[in-house]
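**Q** As a plain string of letters, each chain reads:
2 protein chains.
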Amino acid sequence: MQVLWLWMALCFLCPTVVHGGKVLVFPIDGSHWVNMKVIIEALHSRGHQVSVVRSSDSWYIEEKSPFYNSITLDSPSEFDESFITTFIARLLEIQREGKSFWTRYKLEIEQAEMTREMYEKTSEFVEMLLENKDLMQSIKNTNYDLVFTDPVAPVGAILANYLKLPLVFSARGTSHGEGHFDIAPSPISYIPLTGTQLSDQMSFFERLQNVLMFGFLQYQIRWFVTPSFEGLIKKYFGPGTDYISLFQAADLWLMRVDFVYEYPRPTMPNVVYIGGFQCKPAKPLPEHLEEFVQSSGEHGVIVMSLGTLIAELPQDLADQIAAAFAKMPQKVIWRYKGAKPATLGNNTLLVDWMPQNDLLGHPKTKLFVAHGGTNGVQEALYHGVPIIGLPLIFDQPDNVHRLEVRGAGKVLDFFTMTEEIFFQGIQEVLNDPSYRMNMQRLSRLHRDVPMKPMDSALFWIEFVMRHKGAAHLRTESYRLPWYSYHSVDVMLFLAGITLLILMTFAALARCLCSRCVRAKSKRD
Amino acid sequence: MQVLWLWMALCFLCPTVVHGGKVLVFPIDGSHWVNMKVIIEALHSRGHQVSVVRSSDSWYIEEKSPFYNSITLDSPSEFDESFITTFIARLLEIQREGKSFWTRYKLEIEQAEMTREMYEKTSEFVEMLLENKDLMQSIKNTNYDLVFTDPVAPVGAILANYLKLPLVFSARGTSHGEGHFDIAPSPISYIPLTGTQLSDQMSFFERLQNVLMFGFLQYQIRWFVTPSFEGLIKKYFGPGTDYISLFQAADLWLMRVDFVYEYPRPTMPNVVYIGGFQCKPAKPLPEHLEEFVQSSGEHGVIVMSLGTLIAELPQDLADQIAAAFAKMPQKVIWRYKGAKPATLGNNTLLVDWMPQNDLLGHPKTKLFVAHGGTNGVQEALYHGVPIIGLPLIFDQPDNVHRLEVRGAGKVLDFFTMTEEIFFQGIQEVLNDPSYRMNMQRLSRLHRDVPMKPMDSALFWIEFVMRHKGAAHLRTESYRLPWYSYHSVDVMLFLAGITLLILMTFAALARCLCSRCVRAKSKRD
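Sequences listed follow chains A and B, in order. Going left to right, the first sequence walks through residues 160 to 683 as this note's numbering numbers them. Going left to right, the second sequence walks through residues 160 to 683 as this note's numbering numbers them.
Quick caveat, the hints were computed from the structure, so don't treat them as lab data. Check before you lean on any hint, since a few could be wrong.
Pairs involving identical chains hold if they fit within one copy or between any two copies, as the list cannot separate such chains.
[Claimed, not checked] Calculated pairs, DSSO-like style, for lysine-lysine (alpha carbon to alpha carbon, straight line, at most 30 Å):
(1) K627 / K569
(2) K393 / K627
(3) K496 / K223
(4) K223 / K265
(5) K611 / K627
(6) K439 / K393
(7) K181 / K611
(8) K393 / K486
(9) K496 / K196
(10) K299 / K679
(11) K299 / K265
Model the full assembly from the supplied sequences, consistent with the hints where possible.
**A** So, in structure tokens, the structure goes:
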């Protein structure tokens with residue numbers, strides 16, 4: 160379940176002078192911004208004018224940028240960086256405490272409650288936005304060509320629908336699930352739901368698990384998500400529109416996956432796969448890092464990062480990881496913000512930040528220990544570096560599971576992990592050449608595309624600008640009620656007709672029979 | 160219903176010396192070959208060696224070519240060119256006689272009988288092919304990189320499966336329906352079946368019609384198609400393989416449509432859309448044609464062609480068309496093989512063959528009168544020339560209907576057509592500027608693609624060569640039995656469990672109640 164959507168509260172719109180196309184961006188803060196920014200820079204370099212809506216206390220989105228104008232809004236303080244990182248830290252602690260059914264259930268309930276609260280606050284925020292006449296007028300006056308947004312938060316989608324502007328998503332998931340499920344037929348017999356860590360080839364009981372997860376998600380959407388927006392939608396859109404239809408109205412879905420990584424599944428003409436668009440050949444490392452990497456000799460380097468959200472680890476876990484690293488002949492570069500583990504070896508360099516893409520592309524890099532965020536997984540895939548996955552939430556467990564299924568990585572469990580398990584896991588991936596070979600095979604497939612994913616993304620965004628949408632690529636079938644979409648009404652009608660014919664025949668036959676009997680009895 | 164598949168009977172394989180990739184092609188004769196040849200020439204120019212399997216009495220596929228080696232087989236004479244054109248001429252006559260339900264039914268039955276006969280003969284032919292040890296050995300020795308075929312005939316697909324060679328389709332339809340229906344979820348509530356002339360937005364009764372057509376096609380497949388191949392499949396493939404699975408095994412479907420023309424619908428990762436790949440800017444016309452075209456002055460030119468199969472028309476119909484043309488100020492170039500119509504005007508030039516693409520791309524060309532074959536429709540779309548459709552069979556009525564729905568053409572009915580109707584239809588399309596504007600809008604959309612469809616086709620064919628298939632783009636879900644694919648087994652299991660729980664509760668409740676009653680009666 161996608162929980163992380165951080166939004167931007169209300170302020171004033173800086174009037175902009177626009178050349179070329181005009182793009183209004185509603186980004187998601189944190190790691191999602193990291194790759195959204197890559198597209199924004201490319202749009203800018205192609206002469207388009209980009210306005211980015213950001214919160215005043217954003218973690219990553221700078222107010223001043225040569226690539227975009229900011230529209231800075233006051234952020235609701237409940238869901239700032241510290242709130243999210245504290246939540247993640249608590250999640251990690253609970254996972255370490257025990258993974259009983261009860262713990263998981265408690266977590267799900269807590270998470271669902273938080274999600275419901277987020278939806279309600281988002282709904283209030285959007286209403287405030289729509290009621291701000293100055294802001295709305297200013298947006299209208301700017302004549303944007305399209306709204307570009309990450310559908311993990313619904314704000315951009317709602318605004319684009321309200322303003323009747325073309326809408327382009329940069330998507331992996333939406334506010335309510337995996338992106339494809341909104342728009343493409345998704346037979347759950349072979350499409351694993353996010354959070355199940357299943358593959359596209361499931362046993363009966365795995366399919367059962369998938370169906371149950373599907374039911375649970377539907378329940379969440381029906382009881383947590385859509386009710387929060389019902390009033391808003393009724394007020395601003397009227398009948399015929401529901402929450403999901405605001406997403407289905409998108410002209411284009413730029414999906415941040417590809418089928419080297421994702422299991423093959425039905426898709427739609429307005430989905431463009433841009434997985435790995437942010438990856439590029441490695442640049443030279445800063446001198447001190449290059450020196451450290453070179454000092455690893457033939458053993459090479461292990462790179463570890465648990466992403467932007469897991470800033471710290473429980474001390475015992477950090478100590479165990481550090482102790483395992485200390486026993487290895489490799490050098491280790493570990494992005495870590497917590498207190499220095501007591502067991503830290505001389506071979507391990509703790510850093511606050513690392514040039515991850517350049518490190519993964521370095522020929523000395525042998526292994527990536529990662530939490531399984533989409534960005535990191537795509538970069539490892541691009542550079543062909545096998546993975547040890549330490550996933551925690553969101554789509555992370557599924558992301559690294561996909562690589563494990565393909566023999567390109569190994570997933571370890573935060574709950575059961577000890578120094579020994581961590582050490583053995585790393586040894587296995589380093590010493591069994593199949594992991595590296597499989598990852599490099601995936602990398603070759605990933606890179607062998609007719610067009611770079613970034614060029615594809617830019618082409619299609621500009622296509623939507625040129626043609627004011629992409630109506631011919633988007634089906635209108637979503638407007639059908641479910642019983643029509645699935646032809647249930649037609650089947651019932653046919654069944655009715657058949658029954659009528661059978662009953663008429665039966666009545667005729669009975670009538671004839673009784674006449675025969677009467678005639679016979681008369682003759683007798 | 161796809162009827163036209165002409166095949167190639169058995170002969171000897173010319174041993175070939177191969178450089179670069181090696182491609183074994185099973186083409187379809189007639190118009191299908193015209194565009195298959197374009198890809199073959201391009202493959203040759205990129206250094207691949209192509210072997211084309213052709214029949215000894217092929218209409219279009221030459222034995223000697225600088226672009227490919229031929230594997231010439233003796234053709235079963237029943238289904239040669241004259242057989243097909245005679246059948247088409249008869250079809251046209253019946254259509255002109257009357258379009259009563261009875262006539263249509265008779266036609267369907269005749270067609271179905273012919274189809275069944277074709278399937279059976281094809282099955283025999285394939286078995287003969289597989290039993291020819293020399294031929295099979297020779298193919299194996301050549302080490303082809305892939306089989307490239309049009310799935311309107313199943314021969315290439317069966318052989319590729321048998322030889323375990325990667326398989327690429329150049330497809331619109333298969334031997335048993337529209338291509339997508341084999342591989343992508345196809346909700347028939349908004350995907351019109353071939354032959355219905357419906358759009359993607361249907362009323363209840365149109366959806367009913369679509370469901371009935373779906374049922375009819377399923378009946379045809381189950382009773383006419385698959386039984387013909389059951390023995391063959393059992394003998395050469397064993398359990399787990401059925402007729403449809405031979406098509407689902409294709410690594411790649413190069414679909415000869417795009418979504419400017421086709422209604423948006425679910426698709427799969429291994430489908431690549433190459434509609435219009437054969438189109439190119441017009442070359443200068445031969446001198447005599449250019450002179451004729453220029454003589455049209457400001458009125459411009461009408462181009463008419465009913466394709467390769469409708470060589471002649473009933474005399475009365477040809478006379479009516481010619482008379483209508485004679486009344487117009489435009490010049491007319493009409494591809495026609497029959498006896499010269501008595502009413503032919505001075506403004507009309509009858510030709511045996513025409514450089515269709517160059518004519519449609521000529522700035523003087525105002526209108527294309529066409530039967531609605533995919534090639535012609537795509538060329539008209541590419542050059543932005545509106546269409547008068549005179550469709551007869553196969554996908555022709557649907558093809559031109561798609562343009563009519565989009566306001567880019569008008570469909571006339573062979574059955575009801577008179578000189579006056581034909582004249583008025585042409586006047587309408589010529590004089591109402593919306594037809595041309597709509598077709599030119601479609602043309603702009605069609606041409607606005609990130610990569611030329613031909614380059615896309617070549618890239619993906621070579622991709623399959625490089626990676627010995629495209630397994631990561633093809634789902635294995637087709638192997639699931641239908642009740643698993645649709646999660647029916649899981650739902651029944653869940654229903655069973657629920658029932659069991661309810662019954663246990665009910666039993667417990669009954670037990671408790673009866674105890675209470677007994678206790679009460681004891682007390683009393």
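**Q** All hints, please: hold or fail.
**A** To see whether the hints hold, each was checked on the structure:
{"no.": "1", "hint": "K627 / K569", "result": "between (45 Å within a copy, 27 Å between copies)"}
{"no.": "2", "hint": "K393 / K627", "result": "within (26 Å within a copy, 54 Å between copies)"}
{"no.": "3", "hint": "K496 / K223", "result": "within (26 Å within a copy, 72 Å between copies)"}
{"no.": "4", "hint": "K223 / K265", "result": "neither (42 Å within a copy, 75 Å between copies)"}
{"no.": "5", "hint": "K611 / K627", "result": "both (24 Å within a copy, 22 Å between copies)"}
{"no.": "6", "hint": "K439 / K393", "result": "neither (45 Å within a copy, 50 Å between copies)"}
{"no.": "7", "hint": "K181 / K611", "result": "both (24 Å within a copy, 27 Å between copies)"}
{"no.": "8", "hint": "K393 / K486", "result": "neither (62 Å within a copy, 59 Å between copies)"}
{"no.": "9", "hint": "K496 / K196", "result": "within (24 Å within a copy, 62 Å between copies)"}
{"no.": "10", "hint": "K299 / K679", "result": "neither (87 Å within a copy, 78 Å between copies)"}
{"no.": "11", "hint": "K299 / K265", "result": "neither (45 Å within a copy, 61 Å between copies)"}
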